[in-house]
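**Q** Residue numbers (this note's numbering), protein chains in the order written: chain D, 9 to 181; chain V, 9 to 181; chain U, 9 to 181; chain F, 9 to 181.
No lab work stands behind these hints, which were simulated from the structure alone. Treat the hints with caution; some may be incorrect.
Repeated chains share a single entry, so a pair holds when one copy, or any two copies, can fit it.
Dumping the calculated EDC-like pairs for lysine to aspartate or glutamate here, alpha-carbon to alpha-carbon at most 20 Å [said to hold, decoys possible]:
#, residue 1, residue 2
1, K63, E33
2, K154, E73
3, K29, E150
4, K63, E150
5, K45, E87
6, K13, E73
7, K45, E73
8, K13, D172
9, K168, E87
10, K66, E161
11, K29, E161
12, K136, E83
There are 4 protein chains.
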Amino acid sequence: LSLEKRKYISVVGPAAATCTKPVYELGLELGLCLANKGFGIVCGGGGGLMEAVCKGSKSASGTFEGSTIGILPGEHAHEANPYCDIVIPTGLGIARNILVVRSGLAVIAVGGGSGTLSEIAFAWQLGKPICAMSNVEGWSKELAGKQLDQRHEGSIFEAKSLEDALSWLDQLF
Amino acid sequence: LSLEKRKYISVVGPAAATCTKPVYELGLELGLCLANKGFGIVCGGGGGLMEAVCKGSKSASGTFEGSTIGILPGEHAHEANPYCDIVIPTGLGIARNILVVRSGLAVIAVGGGSGTLSEIAFAWQLGKPICAMSNVEGWSKELAGKQLDQRHEGSIFEAKSLEDALSWLDQLF
Amino acid sequence: LSLEKRKYISVVGPAAATCTKPVYELGLELGLCLANKGFGIVCGGGGGLMEAVCKGSKSASGTFEGSTIGILPGEHAHEANPYCDIVIPTGLGIARNILVVRSGLAVIAVGGGSGTLSEIAFAWQLGKPICAMSNVEGWSKELAGKQLDQRHEGSIFEAKSLEDALSWLDQLF
Amino acid sequence: LSLEKRKYISVVGPAAATCTKPVYELGLELGLCLANKGFGIVCGGGGGLMEAVCKGSKSASGTFEGSTIGILPGEHAHEANPYCDIVIPTGLGIARNILVVRSGLAVIAVGGGSGTLSEIAFAWQLGKPICAMSNVEGWSKELAGKQLDQRHEGSIFEAKSLEDALSWLDQLF
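Just need the whole structure built from these sequences, with the hints factored in.
**A** Structure below.
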């Protein structure tokens with residue numbers, strides 16, 4: 009067992025109802041690559057992109073115990089997707105979105121509607137490094153490369169591909 | 009005293025550090041007009057636009073006890089702006105943004121940075137009617153007239169003037 | 009209209025399912041007396057003792073707009089008892105218990121089960137002055153006069169009657 | 009790596025300022041035994057009993073990655089004790105107490121003041137199985153064997169020794 013602390017990355021994106029096939033597939037690949045680089049994932053624990061990234065993580069050859077954390081809006085752990093190693097059922101409703109972005113060292117956004125938008129906005133408020141995928145439709149594409157306000161310099165990193173996102177992570181850590 | 013229930017409107021916008029003069033002045037007028045129409049205000053209880061709208065409400069000839077509610081991020085009631093009749097010190101940090109938009113029957117956004125953006129995104133998730141002022145700079149202008157995602161039809165109402173916003177409220181209630 | 013700020017007192021006790029008649033009646037009287045002394049009430053906005061204290065407040069000759077605040081666990085304002093002037097639907101579940109005790113200048117406990125127990129424990133952690141009624145059954149009686157831990161001196165005030173509780177408030181403010 | 013889901017137990021007790029030596033030592037042993045039985049731990053991530061139980065877990069021969077989860081009141085992961093594998097910095101203040109007890113399948117209380125009391129009360133509200141150590145001073149001893157209210161049958165299990173607590177867990181799972 010590694011005694012070194014794992015680094016966790018928050019991954020945000022659409023739930024099952026609005027998750028397109030390209031977003032789901034990108035999520036699978038992203039989860040796999042993150043695990044193989046030794047990163048854990050924090051997400052909202054639901055379906056859609058959240059399920060994809062957890063499934064990807066658990067299918068990686070380099071996966072590890074505790075590689076997937078799901079922070080749920082509801083009260084019951086069984087509502088998590090089956091690929092979450094660790095489940096935090098908050099009972100806080102959408103207020104849990106804040107916990108998702110606060111718990112990672114950086115945030116990667118993949119597609120997404122207004123829920124993802126709120127998570128990107130919170131991540132910016134918290135000063136988290138943010139990477140937004142622009143090769144899928146949704147708020148990640150809309151906000152890629154933008155500065156949300158002037159409370160800090162810089163802007164949301166635009167990743168045009170999975171490789172871009174992974175390079176960005178490599179530079180951060 | 010009226011025994012009829014008051015209607016409260018959530019008003020969101022920038023804190024003191026980033027509140028421009030036009031946003032502050034629009035807030036004053038908005039607060040005044042809302043009180044004169046019998047509406048109460050729910051806001052984040054801080055400075056900037058939040059202070060302006062509370063000050064406007066308390067300066068109206070039609071103001072009433074309890075017309076201004078401030079839901080604070082911090083633990084201490086004395087951190088509220090002095091125009092809040094009612095102070096809810098949540099100790100929840102920015103998670104209080106959700107309570108601000110949930111507590112009003114409708115949401116009016118005036119300017120704003122990433123905090124306001126998170127509030128607009130939450131209001132959309134909650135299905136609240138949203139009015140965004142487009143006559144001041146900030147996220148309210150950016151999102152005025154837009155549909156944030158397809159979880160429900162319609163879009164954020166664009167108010168090009170205070171009159172537009174008040175007409176929109178009249179049509180709602 | 010008084011421009012002076014109102015003082016709000018948190019009142020905690022059982023919901024409808026477990027509220028006995030003596031507790032409900034004490035709540036009615038307590039609400040009435042608090043309003044006549046100019047105090048507002050913050051409570052959990054539900055039935056049982058919460059309803060009683062709100063109803064008492066609104067029935068007082070000295071009642072005022074905004075005299076009753078209900079901070080709800082659920083997402084919908086219509087779940088509040090009908091005597092709440094101001095409703096904060098948190099969507100936070102029982103985490104809202106903390107907001108109830110944080111929002112008052114002091115806490116009065118009337119009867120109660122494990123929910124009330126959690127509120128008394130939180131009030132103690134927050135250093136709020138606490139008055140516990142010992143003339144009704146429940147956790148208020150169990151903890152009246154006790155020191156919950158040594159983080160601060162003193163103990164929970166034991167009120168053997170409504171008069172005791174009101175005298176305690178008079179001494180505080 | 010085991011693909012089977014780990015079971016997590018919430019462990020609650022005093023922070024560093026009020027943690028006695030017997031409580032700390034019991035925490036160390038408890039953490040060690042839980043890990044050796046394959047259980048993970050959820051705690052508040054701080055010092056005192058929280059640190060002890062995490063340290064015990066990580067020192068066990070049967071420890072595993074992700075065996076210790078710390079759910080912090082503050083905003084910063086570095087505030088966790090160094091034995092937390094997984095850190096959830098909530099920024100919710102003491103409202104995080106609810107998340108601690110909600111995230112475990114059962115709750116074990118060891119000593120404790122008003123914070124621990126609030127956690128026991130919440131665990132009861134949530135219907136979690138609760139075990140309270142009566143061989144150390146604090147609220148766990150006070151409430152061992154008691155029924156907090158009548159919302160459900162049964163009572164808090166009294167563990168007079170670590171062996172009692174472990175047998176109780178064995179019977180539960």
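**Q** Looking at the structure, which of the earlier hints fail to hold?
**A** 2, 4, 5, 8, 9, 10, 11
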